[in-house]
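Work out the full structure: start from the sequences and follow the hints.
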Amino acid sequence: MLSLGSIAFAAPWLLAGLAALPVLWWLLRVTPPAPKRIRFPALRLMLGLAPPEETPAKTPLWLILLRMVLITVVILALAQPLLNPRTPIAATGPVVFAVDDGWGAARHWDDMRAALDRLIDQAAREDREIVLVSTADPPGGRAASELSLLRPADARAAAANLQPLPWPGDRTQALARLQRLGLSHAAEIVWLSDGLDGGDAAAFAAGLVRLGPVTVMGADGNALPRLLAPADADDQDLTATVERADPSLPETLTLRALGEDGRLLARRAVTVPAGQGSIVAHIPMPTELRNRVASIAIENEASAGAALLLDEGWKRRPVGIVAHRDTAQPLLSGAYYLDKALSPFSEVRTGDVATLLKGGIAVLALPDSAALSDGDRQAITGWLDKGGTVVRFAGPHLAAKPDDALLPVRLRSGDRTLGGALSWEKPAKLAPFAADSPFTGLTIPDDVTVSRQVLVEPTIDLAQKTWARLADGTPLVTAAKHGKGWLVLVHTTADPEWSNLAMSGLMVEMLRRVVAVSQGISGTSDKPLPPVETLDGFGRLHAAPATAATISAGAAAKTVAGPRYPPGFYGTADARVALNLAPAVMHFAPLPALPAGVRRENFTRNTEVDFRPPLLAIALLLMLADFIIGLALRGLLPRIRWHAGAAAGAIAFGAVLMNAPIARAAGNDAAAIAGASQFHLAYVRTGVPDVDAESKAGLVGLAHVLNERTAVEAAAPMSVDPETDDLVFFPLLYWPVVDGERALSPQAVARVQHYLNTGGIILFDTRDQEQPNDFSAAAAQARLKRLAAGLTIPPLVPLPPDHVLTRSFYLLENFPGRWNGGELWVEPTADAINDGVSSVIVGGNEWAGAWATDANGVPLYAVVPGGEPQREIAYRFGVNLVMYALTGNYKSDQVHVPAILERLGQ
Amino acid sequence: MAGPALRHRAEAASLALPPLLIAAERVAAAVVQGTHGRRRTGQGETFWQFRQYEPGDPVTRIDWRETAKTQHVYVRETEWEAAQSVYLWRDGSGSMDYASDANLPTKRERADLLTLALASLLVRGGERVTLMGSGLAPVYGRAALDRLALLLSRGATASDLPAYEKLPRHGQVIWIGDLLAPLEATATLVLRYADAGLKGHLLQVLDPAEESLPFAGRVRFEGLEDENSLLISRVESIRTGYAERLQRHRDGLAALTRGVGWTFATHRTDQSPQHALLGLYQILAER
Chain A
0 MLSLGSIAFA APWLLAGLAA LPVLWWLLRV TPPAPKRIRF PALRLMLGLA
50 PPEETPAKTP LWLILLRMVL ITVVILALAQ PLLNPRTPIA ATGPVVFAVD
100 DGWGAARHWD DMRAALDRLI DQAAREDREI VLVSTADPPG GRAASELSLL
150 RPADARAAAA NLQPLPWPGD RTQALARLQR LGLSHAAEIV WLSDGLDGGD
200 AAAFAAGLVR LGPVTVMGAD GNALPRLLAP ADADDQDLTA TVERADPSLP
250 ETLTLRALGE DGRLLARRAV TVPAGQGSIV AHIPMPTELR NRVASIAIEN
300 EASAGAALLL DEGWKRRPVG IVAHRDTAQP LLSGAYYLDK ALSPFSEVRT
350 GDVATLLKGG IAVLALPDSA ALSDGDRQAI TGWLDKGGTV VRFAGPHLAA
400 KPDDALLPVR LRSGDRTLGG ALSWEKPAKL APFAADSPFT GLTIPDDVTV
450 SRQVLVEPTI DLAQKTWARL ADGTPLVTAA KHGKGWLVLV HTTADPEWSN
500 LAMSGLMVEM LRRVVAVSQG ISGTSDKPLP PVETLDGFGR LHAAPATAAT
550 ISAGAAAKTV AGPRYPPGFY GTADARVALN LAPAVMHFAP LPALPAGVRR
600 ENFTRNTEVD FRPPLLAIAL LLMLADFIIG LALRGLLPRI RWHAGAAAGA
650 IAFGAVLMNA PIARAAGNDA AAIAGASQFH LAYVRTGVPD VDAESKAGLV
700 GLAHVLNERT AVEAAAPMSV DPETDDLVFF PLLYWPVVDG ERALSPQAVA
750 RVQHYLNTGG IILFDTRDQE QPNDFSAAAA QARLKRLAAG LTIPPLVPLP
800 PDHVLTRSFY LLENFPGRWN GGELWVEPTA DAINDGVSSV IVGGNEWAGA
850 WATDANGVPL YAVVPGGEPQ REIAYRFGVN LVMYALTGNY KSDQVHVPAI
900 LERLGQ
Chain B
0 MAGPALRHRA EAASLALPPL LIAAERVAAA VVQGTHGRRR TGQGETFWQF
50 RQYEPGDPVT RIDWRETAKT QHVYVRETEW EAAQSVYLWR DGSGSMDYAS
100 DANLPTKRER ADLLTLALAS LLVRGGERVT LMGSGLAPVY GRAALDRLAL
150 LLSRGATASD LPAYEKLPRH GQVIWIGDLL APLEATATLV LRYADAGLKG
200 HLLQVLDPAE ESLPFAGRVR FEGLEDENSL LISRVESIRT GYAERLQRHR
250 DGLAALTRGV GWTFATHRTD QSPQHALLGL YQILAER
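If you read the sequences in order, they're chains A and B.
Going by numbering that gives the first Met the number 0, the first sequence opens with residue 0, and the numbers climb by one from there.
Going by numbering that gives the first Met the number 0, the second sequence opens with residue 0, and the numbers climb by one from there.
The hints are simulated quantities; they were obtained by calculation from the structure and are not laboratory data.
Treat the hints with care, as some may be off.
[Claimed, not checked] Under 8 Å between C-beta atoms, here's a sample of chain B residues computed to sit facing chain A: (1) Y139; (2) L160; (3) Y163; (4) L230; (5) G240; (6) R244; (7) H248; (8) L255.
For glycine and all other residues, C-beta sits at the position ideal for the given N, C-alpha and C.
Following this line, the structure appears as structure tokens:
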């Protein structure tokens, strides 16, 4: 095999044939083309004319070149050129296929499987033993089974069972298994890699190299899998971190936010600039929509890493603040501070109670200034019972009137002032939060102090109801379960009048915890979380398999996705916790530098392309072209007019290739020229062969009579089809109406109408006079009606006895055709329209039958009942008709001739 | 051979004639307008003028009715209507079956048309016409046309020159054909007829391709009669030589006819037949 870059020749010795090309060149040059044969009468004049040059005629250069190309193509085809020739597996001994079947393989799984199948086929052809190592641990956390040497058929079955798994592979453990197998011979090793480092790639490659020659197959660099990691759940927008292993090129990908049922809720394109490994993508969405998002996925990438599951912690709850829209002094209003504190992590609405509750909110914040009517209270109580959360803030109003039902605890009347001009006390600081408080874990800034608060009547359960205390132990935040909801009271104001808590970051955090309580998840869950739905390797959610383990109580935050805990939703269907793959992925980077001697290949690059069939096809086409050219040079192509030049040749060639419409257009032009250059009688093709033949023969006979008797010089009749042909060239159309005539298409109707409007005349021959009865007349009428549907024709009248048609050439009284009788129907004569010439003439006497003659002028059909005299009259009618079509109302002046003559005589 | 079958064939043949006859009549009608009669006194039936009796006029020529009206004696003169015998011939050899383009008539079709049209004109003028080589005596009247048409449709003759036959003096011969026969053969025949006292007119009908030789490249020319083929390696190179030779041939024919008082004209099939016919007719009318 001769190899030139990516192209190789399977039979390179045949290329020696190219050396014969110069000889062929010479032979082709000296062999003249076969002469054209032309019949020519004036040969005698040429006999002695010796051509001045005696050199033989040469084949034209372009033809020689064409033939040289032809020969070259044939030689090249025989040498069988191959693109990307398949490298054979070298040597003997077993073949090891190491397959990365971790999450990263999913993106190129089809290519990888195809490559693996090809390799197994190849190994099978060479009858080699196969070792198939998959690097990812099997589900459920059990150890991978030990390796063995497989027959190709078993290997194929094993390969068919491979699926990408939704966790990272463990190549170290795979290498250990391979080493435990203890291959006796040096093995050929092919590593079908997912292209990711994973931290163990270098060691794995080094370990493989020790076992034998290694080939690494993988996808291209910028086609490495991408990873979606959780970003800040509390951001204004829905966010996700897009990570990629190969940051060299800029890349644009599309994120899809999907609902619980897989419905697409939002799409957003994200561009990662070159050199940047990750970017936080923002997907702005309305809150209601955002709360329905169950997962985010990268479009067109099916892998567990490209799917990010979202749980309750991601949802933004709407919070309503009961306040008046008073913007005069915003800094004195508690609502202003609440708005600022709530807006970073929730959607804030402001309004009166009724409006807010109607709009659907999770938390209702009541600053002290909010005046509540009785109706409001009832509404709030009802809403609380159904699961709402109310956060109240104390203040002068509450302190003055503490006997409110909407309070978690009983309050003492009045308030307590800490510090002040007349007191030794300092404003109080906050005590650290208790472990069972929703606020546990929050750091308390030193400078947060409370100078006034409302006080609680001590009760037994006060400690349980207290979420936050001051340093002296008095409750600062108390809360009570109320129905299904929570009622929370902050014992100081929402504005900075009583405490600077309202201006601190702690307020934000505390409100966030309170809002989180409204979501039903307060702090860490202490229940074990069974798997609900888990992802497969392609990032699709399925019911959890039996191998997925339950996350034990309190371990949710520390659990990392893996064989035991596949990524997915855990918990209960109502309160789900998402376990994502991204934290489990280590060393998310492309393969590191591999040891020397490791070959790298692409999955797809190995497709071998054989050029022989296309080359042979080209050679065949060239041969055909050469054949046609040869015929043309000898003048054996009769239909091509060379005076039309290259255009005709191009048209002929084009017609061969694609049935060109150009050729038809040229044909149309020819028909138009033929129709316009002489006067032709014309008939409409009905598609019934007998009728068409009769029409044609009839018009031939009529044309003969016209030429013989009149000044009309009628050429051979032409046939037209109103669906396709132009009618404007013909003054008169003979239109036989037959059974089963199809209605005209709208284009044809428009064409016929245009023809009639511009002065054309149509003789409709219903051909029904043979057996005249009511039934046949009705049938013919129906046919005619169907045919003329869409044409604008005025009501027809029987031909009046003084009509021009009766005397345009001959004087006629009746108008027989093959049959005699019946009426001839015309448009009523109205001088204003078309000079009083009827554009439609309808009758049923089958005139064409009477006119028809064969080539020798012998009549074809018998004429009944009148015999030959009737045929003569029929011819006279034909002549009159043509004269009528050509001269119009010219003869109508003759109406007045008798009167004029009479007057002249007197 | 059954009689009816033969008759049927004959009828079919005669039925096919009218188109040619009609075409010829049409061509002739276009020519005849404006060229009336002989316009001189002579033997004939048509009245020409009254003239006063002069001594020597035969008494039988005196028109008594006119004489009775006036003081003088009048003689009635008729228009000269000397009927001539015209012997037509058209080349029916194989070389005439040629048209270089499908849109052109073959040389034979054109020659037939011209012959018949000329015959029609002559018959209208009261001449007697016949076809040379047919053995038919010159005849009057429109019936002659049908017969001529029939004879013409009989088709091919082998020779490209008329055979010599003994014709009466003062007759006219008209030859229509490509006249490509060797000049010597033509000259012999023309001189023989001229010696016999006949006037003649030659019309050479050629296809445009025969004048311009529009072919190119390597061509094997094949004759239409039984001739050998001729291979020309580059037709372009002999075009000038061919044109010269054709011109020389025509010059030879013209010189030959001039020498004996005959006339020679050329006609190309892409020209209008009326044109050639008018030329022929005027030459005949002048005599």
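Cross-check of the supplied hints:
Hint status for Y139/B: violated, given a least beta-carbon distance of 23 Å to chain A, over 8 Å. Hint status for L160/B: violated, given a least beta-carbon distance of 13 Å to chain A, over 8 Å. Checking Y163/B against chain A: minimum C-beta separation of about 21 Å lies over 8 Å; hint violated. Interface restraint check: L230/B against chain A, minimum CB-CB distance 6 Å, threshold 8 Å, status holds.
At about 5 Å, the closest approach between the beta carbon of G240/B and any beta carbon in chain A falls short of 8 Å, and the interface hint on this residue holds. Because the smallest distance between the Cβ of R244/B and any Cβ of chain A comes to about 5 Å, under 8 Å, the interface hint for this residue holds. For the restraint placing H248/B at the interface with chain A, the shortest Cβ-Cβ distance is roughly 7 Å, inside the 8 Å limit, so the hint holds. Hint status for L255/B relative to chain A: violated, with the closest Cβ pair at about 17 Å, above 8 Å.
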